[in-house]
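*Asks:* Residue numbers (numbering that gives the first Met the number 0), protein chains in the order written: chain A, 0 to 130; chain B, 0 to 130; chain C, 0 to 130; chain D, 0 to 130; chain E, 0 to 130; chain F, 0 to 130; chain G, 0 to 130; chain H, 0 to 130; chain I, 0 to 130; chain J, 0 to 130.
The hints are simulated quantities; they were obtained by calculation from the structure and are not laboratory data. On a predicted model such as this, the values are computed, not experimentally measured, just so you know. Treat each hint with caution, since some may be false.
[To be verified] The list that follows gives simulated cross-link-like pairs (lysine to aspartate or glutamate, DMTMM-like), each with its CA atoms no further than 25 Å apart: (1) F:Lys68 x F:Asp94; (2) G:Lys28 x F:Asp94; (3) H:Lys45 x B:Glu19; (4) J:Lys28 x I:Asp6.
[What the hints assert, rightly or not] So these bits of chain H aren't anywhere near chain B, every CB distance computed over 12 Å: (5) Asp6; (6) Glu8; (7) Asn25; (8) Gly29; (9) Pro44; (10) Asn100; (11) Ser127.
Beta carbons are placed, not taken as given, at the ideal position from N, Cα and C, and that holds for glycine.
If you want the building blocks of each chain, they are given just below.
There are 10 protein chains.
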Amino acid sequence: MSTGYTDKEAIAGIDAPLPEIECWPNQFKGYEIEIEIPEFTSVCPKTGLPDFGTVTIRYQPDQLCLELKALKTYLLAYRNLGIFYENVINRILKDVVAACNPVWAEVSGQFTPRGGISSRVKARYNQSSKE
Amino acid sequence: MSTGYTDKEAIAGIDAPLPEIECWPNQFKGYEIEIEIPEFTSVCPKTGLPDFGTVTIRYQPDQLCLELKALKTYLLAYRNLGIFYENVINRILKDVVAACNPVWAEVSGQFTPRGGISSRVKARYNQSSKE
Amino acid sequence: MSTGYTDKEAIAGIDAPLPEIECWPNQFKGYEIEIEIPEFTSVCPKTGLPDFGTVTIRYQPDQLCLELKALKTYLLAYRNLGIFYENVINRILKDVVAACNPVWAEVSGQFTPRGGISSRVKARYNQSSKE
Amino acid sequence: MSTGYTDKEAIAGIDAPLPEIECWPNQFKGYEIEIEIPEFTSVCPKTGLPDFGTVTIRYQPDQLCLELKALKTYLLAYRNLGIFYENVINRILKDVVAACNPVWAEVSGQFTPRGGISSRVKARYNQSSKE
Amino acid sequence: MSTGYTDKEAIAGIDAPLPEIECWPNQFKGYEIEIEIPEFTSVCPKTGLPDFGTVTIRYQPDQLCLELKALKTYLLAYRNLGIFYENVINRILKDVVAACNPVWAEVSGQFTPRGGISSRVKARYNQSSKE
Amino acid sequence: MSTGYTDKEAIAGIDAPLPEIECWPNQFKGYEIEIEIPEFTSVCPKTGLPDFGTVTIRYQPDQLCLELKALKTYLLAYRNLGIFYENVINRILKDVVAACNPVWAEVSGQFTPRGGISSRVKARYNQSSKE
Amino acid sequence: MSTGYTDKEAIAGIDAPLPEIECWPNQFKGYEIEIEIPEFTSVCPKTGLPDFGTVTIRYQPDQLCLELKALKTYLLAYRNLGIFYENVINRILKDVVAACNPVWAEVSGQFTPRGGISSRVKARYNQSSKE
Amino acid sequence: MSTGYTDKEAIAGIDAPLPEIECWPNQFKGYEIEIEIPEFTSVCPKTGLPDFGTVTIRYQPDQLCLELKALKTYLLAYRNLGIFYENVINRILKDVVAACNPVWAEVSGQFTPRGGISSRVKARYNQSSKE
Amino acid sequence: MSTGYTDKEAIAGIDAPLPEIECWPNQFKGYEIEIEIPEFTSVCPKTGLPDFGTVTIRYQPDQLCLELKALKTYLLAYRNLGIFYENVINRILKDVVAACNPVWAEVSGQFTPRGGISSRVKARYNQSSKE
Amino acid sequence: MSTGYTDKEAIAGIDAPLPEIECWPNQFKGYEIEIEIPEFTSVCPKTGLPDFGTVTIRYQPDQLCLELKALKTYLLAYRNLGIFYENVINRILKDVVAACNPVWAEVSGQFTPRGGISSRVKARYNQSSKE
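All chains, full assembly: derive it from the sequences and hints.
*Replies:* Next comes the structure, spelled out in structure tokens:
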């Protein structure tokens, strides 16, 4: 396999330190929350150019709900971070799950076109399929 | 867990007295009603600023149908009430179920952006899964 | 239960005489027809004010198809009839089923806002679940 | 049953001769094709007035694919043919199936309003449920 | 069967040499990627006229992700290639699967109207149903 | 000229008594008001069938503003009145001008299709060109 | 100039006999009427294939208004008439002016794509600039 | 003139004290700013029910620009103020002009339907026509 | 001035030979024609990558009308031609004017995004301002 | 005047060094170019939070055209620059005019909502009114 991405680029930003996602105690059971962030931006680790997109987080809270102000600060930290689209979405999912341990969660991103090509990435987590 | 919301804010408005949701005797069986209120507004208990959104109530009536004029009065009472989005939707569901005991009911809210982030909350009730 | 509707209002129009829904002999099996009437109007039995909405009829014909010209005359007869939304949809379903005995039928109505609140009502019939 | 349509009108156009639907040898397995014809027009056998609509054909090819140029000629032949909506859709399905013997096929038509009423008709065929 | 397409036209472009689709090592499990190319163009092998359409590739990566820059070069190579719509979509699917061996993949194309007729073609692959 | 309308039909409804359009004292100078009524309905004097449309009233108030509740009652009175589209719009303009004597006024109506044909009618008045 | 159209094609349909456009006596002064016909169809004199489009007629009536039912019959007569787009619009304008002698009139047509190219044609008449 | 509004209602809210609109020193000449507030709400002085609408402020700054945070606080103060639509727009214009003395300014409001009727109000100021 | 384009690139394609634009004799006076080509594509002379866009031609014919089939052939010839956006539009205008000598003509192009930037170019010719 | 902005904030970013806007020699006269950048982002000098918007540049070139690749680099430099909306648009206009000395130019920005309020700023330059 000849690839246009180096290994270093492929893992760029995956473990970079980011602000904490905070939570507040959930008061009800069995419902769903969807959060849309239409102004997400990060940096392509290969070209150094900015990427833009809409990130959507959906989850069913268990004991905790995501606090929106801290979530915003967390997402703003991607602004100057070099990381691929695909890794952005998977990392946000991992961090959301770690913060609020939801019944389930789903993160997706719709990224604006580059070279006439646009991308959507979607990842999902289920508490019950965790070991 | 460090949280940006105090416990008092997290439960604000959950038990505040609100006008009664009235009903009228249903005449048919096995159908579904959807009610959309695009002008819902309440107050954020943290910042004191107004929140805006569209609330949608769907349900299958059993013996009673929701009376729309009284429902409107009930919803207007949120106008100066401090309560979080997530709690608004869960409380409306609880109050609708208590008023008309439907076969099932679902309440959702699509709230307008704050800080570039918009939210949707959806909660559901089933008569048959009630003990 | 205190209700804003009298019993008389709750059943208004349910048994009013209306023009006959006519049919013609169906020539094929196992297909579906959807009819949309965006200019439906009736009268609120409580306020005397007109209601407006879009009524949609979907069904799988058995031996008979609904004749559209007669159906239009039938629906025009609601123009000065006092009857609630919820009852409009259930009555149309009952009359359609009586006229053409379909394999299944579904009637829904999307009514325009009153007091900032819009409604959708949907009712369904299955030949096989009829005794 | 008193009906506004004569028997002759009810079957008009069902067996009229039409141009052949041609095919070409399919090269792949297990995929789906959708063809949309937004400029379909035929004639109402009762009033003699033209009907207009969008016809959509979806199918999974088996050994043969529909040839689009011949299909267009076939559909143009409805231009001066007296035939009801419901029969148009069922006849196209029958002719498509006879021409290319697909794994499955579905034909639907969305017809423009007449007297404030618009119609959609949808019919479906499955190779496996054929005897 | 009389057909408007010759055998040569029916297989045109199916085996033409095209640039390699490159990949990079996937870092996460169990998520989905969708890539949209609204500027796809190829040539009709019968008329020599260009076809235009939007091609969409969806897949769940296994060990490898599609590299977008190489994918773009691969798709640009269809610009002067004579090949039918139906074959375009099936070939792209075959080449994508060969390049990155995904858990599943789906390729679809929405082609702009010719003679008042537009087409959509959709093909799908599942790793688990491969022998 | 052979015409499909009788003289009586051509003037139907032009002088029928209607509820009064009321006003309230305007507090400011030199601004513009636009009122949209998407649920207008009247009756065709020829066929007896209902017409539907959206009526829009724009005007610059002088001493008086139109009172919306009375305006609604006025417009509801067209519901069972036989009158042509063209005359509806001109009569509303005449009645609005008589009621509030505006600096200028414009009334337009967008009527839903009949026989595949939709209509828009627009009439205008200027205080300064009145003698 | 080498041209793809013969002289006979260029004037096809310009003088073909068509049904009369009828009128009724106008009751008001100084207003405007717009009529939209989204289901216009005629035939290309070169290829014999049908053309489709939306025709819009705007005019300020003088003594006479266009009668819509007769106008519809007039427009239906183009269904099997061979005539170019450009000539369709100019002929309709000429016939409308001859029928009702308006203060001004404008006819436009938006025709659906052929070979990836769509056309709009617009012609205008003013009573005052007529000699 | 019999009117449904009392004089007291007609002037309600026109002189109520509101928070100050603040400004900052403009740095450029000859350009235009448009500010849209889609979440405006006030109270009807007659019914006590809330009104909702979108308010738009356009102006050409002279020495001062409107400060958005203070403007928001100013507009939030209408939330529990009884005042008619028409007066809302004219008062905002008057207050904006007093605060920043622009070259010109225009304020408009699009208010959501009440009783099936929606309203738009637009007022305009020019520095040069001020004496 | 340091520029990213060479002189050779700046004039690329301006004088390349292209197929003739043919015409047919116009039959009417004083009207306007608009032709939209949503599938235009050419090649960037700098990068060699394809550009895509919608080209619109508007003109008032004098003695001649553009023949659409030849116009299509002319436009297809840009498919493999290296030429900048800005020059494409100006050259089409020049060639259209040379072919049919219109009273006036306007050509515009809306090109799809490259690097997150989209472009529109519009050029205009008037017969009367020609010397 | 009490203002929420300090003088330092009011002029922030107005004179910050930015990459050069490059040009290429224009080949035609009297036409117009519009460039849309939907992914513009800068930083609020007061809060330090990012602003997002769509910037549109329209101009009539004289001797020079804007080179798009360099323009993109210039605009990317606002990403971490603290500067108000109003100043962004005026500065881009000033820099564009300095770079290519156009016959006229217009720059506008549509910025996404903050606190429920969105802004549009538009500035314009004319060569002929320059001294």
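*Asks:* Could you tell me which of the numbered hints above are not met by this structure, giving the numbers in increasing order?
*Replies:* none
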